[in-house]
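Construct all of the structure, not just a fragment, from the sequences and the given hints.
Read top to bottom, the protein sequences are chains R and S.
Using the numbering used here, you'd call the opening residue of the first sequence number 6 and step up by one each time.
Using the numbering used here, you'd call the opening residue of the second sequence number 1336 and step up by one each time.
The hints are simulated quantities; they were obtained by calculation from the structure and are not laboratory data.
Note that the Cβ used here is the ideal one computed from N, Cα and C, for glycine as well.
Wrong hints could be hidden among the right ones.
[Said to hold, decoys possible] Restraint-style ranges between C-beta atoms, simulated for each label pair:
no.: 1; chain 1: R; residue 1: 137; chain 2: S; residue 2: 1495; range: 56 to 62 Å
no.: 2; chain 1: S; residue 1: 1406; chain 2: R; residue 2: 195; range: 30 to 36 Å
no.: 3; chain 1: S; residue 1: 1489; chain 2: R; residue 2: 47; range: 24 to 30 Å
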Amino acid sequence: MDRAAVGALVRSAVDGDAAGWKALVEGLSPLVWSVARAHRLSDADAHEVYSTVWFRFAQHLGRIREPEKAGSWLASTARHECLKVIKSSHRTTPTDDAQLLDRISDDRTPEQRVIESEEASAEAERIRHLWQEFEELGARCRQLLRVLMSTPPPSYQEISAGLGIAVGSIGPLRQRCLRRLRVRLAARGVR
Amino acid sequence: MNDAHDNDGSPHDSDDMNGADGMDGFDHTNDELDGEPDDLTEAEGDDPLDDDLLEETLRQAAAIMDPVPAQLQQTAVEAYALHSLDTQLAELTFDSLVHGIPVRGAEDAPRMLTFHTAELTVDIEVTAHGLMGQVLPPQEASIEVLSGPQPTSPPTLTADDMGRFTADLHVTGPFALRLRTDAETVMTEWLRV
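Below, the structure is given as structure tokens:
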């Protein structure tokens, strides 16, 4: 999300505009979710981290010093909650890969419905293969790409805040990880 | 914001992927070195346009394969109700999970938390069996145990005149306390227990 737009939405939410808040949630939810996913949390833990982050953001709303950096604030808060989950790891169960591969969530998006139609089955197959190859990348690449691929595209500052890697290494790492993925796809014959 | 994705023009990878560069909390295995020849020549495609295209395809895939669950997102929308200006925020200043010394073999080590406002300190201990705490300076308070923005009546405790409180509650997930003293209403920072 555009920083200026985020800043304006935060300010209007502070002033009592629930629509501004809703727009923030819609625009930045995928980023928060992607950070939880990038840390390989179980479904239950990812839900809790996501909720906690938004509850805390609501609580801090009027105290956010740089409203236009709310995306980085959310990503960073999500990261820290994820690390706490990992630290208390006797409570966590790692994500079951096979289950994730088969994931078509219960809350179906319009895109999912489309993809379930017969004409789209080839496209669905392609997406499934792409996802599978993504899932089999090494930990670093999986992490970076999972956050990178949230919608709308996150800024490098937000990625940095969510993963604790320097802004300057994101570009080269992205290039490398995409190349790796492309090689895997080529080996599998996926275009 | 797309310009943020332009690479820096350097044709070669840096080596910082496999270094201990602060990706704390994760396995540091060199699993990027998974047996694939890493340096397939540049001809294999470092075209920034190809990269952008693949990234965009991944973005579509993520929206289909791993979207934010709609019900969960609704919880975040409803969290706006937690935005309350007449409540003092008690900031988390100690968390045994972050600052504590690990207790060997203690599966059920209590989670110890301290929150501060300018006037008030709240110490909390969360175990599998319940919750206990102390308000300082010692005073009576009515304490709600919150787990989300839902308006339903949450479990409520009372701190005695020494500021002590206990509850037989098994708290898990998002968690905050709302304390009402004679002077003010205080809410602890949300965290996950």
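>> Taking 24 to 30 Å as the stated bounds, is the beta-carbon spacing between residue 1489(S) and residue 47(R) within them?
In response: holds (26 Å)
> Is 30 to 36 Å right for how far apart the beta carbons of residue 1406(S) and residue 195(R) are?
Replying inline: holds (32 Å)
>> Can you tell me whether the CB distance of residue 137(R) to residue 1495(S) sits inside 56 to 62 Å?
In response: For residue 137(R) and residue 1495(S) the Cβ distance comes to about 58 Å; the hint holds.
Checked against the numbered hints given earlier, the structure satisfies every one of them.
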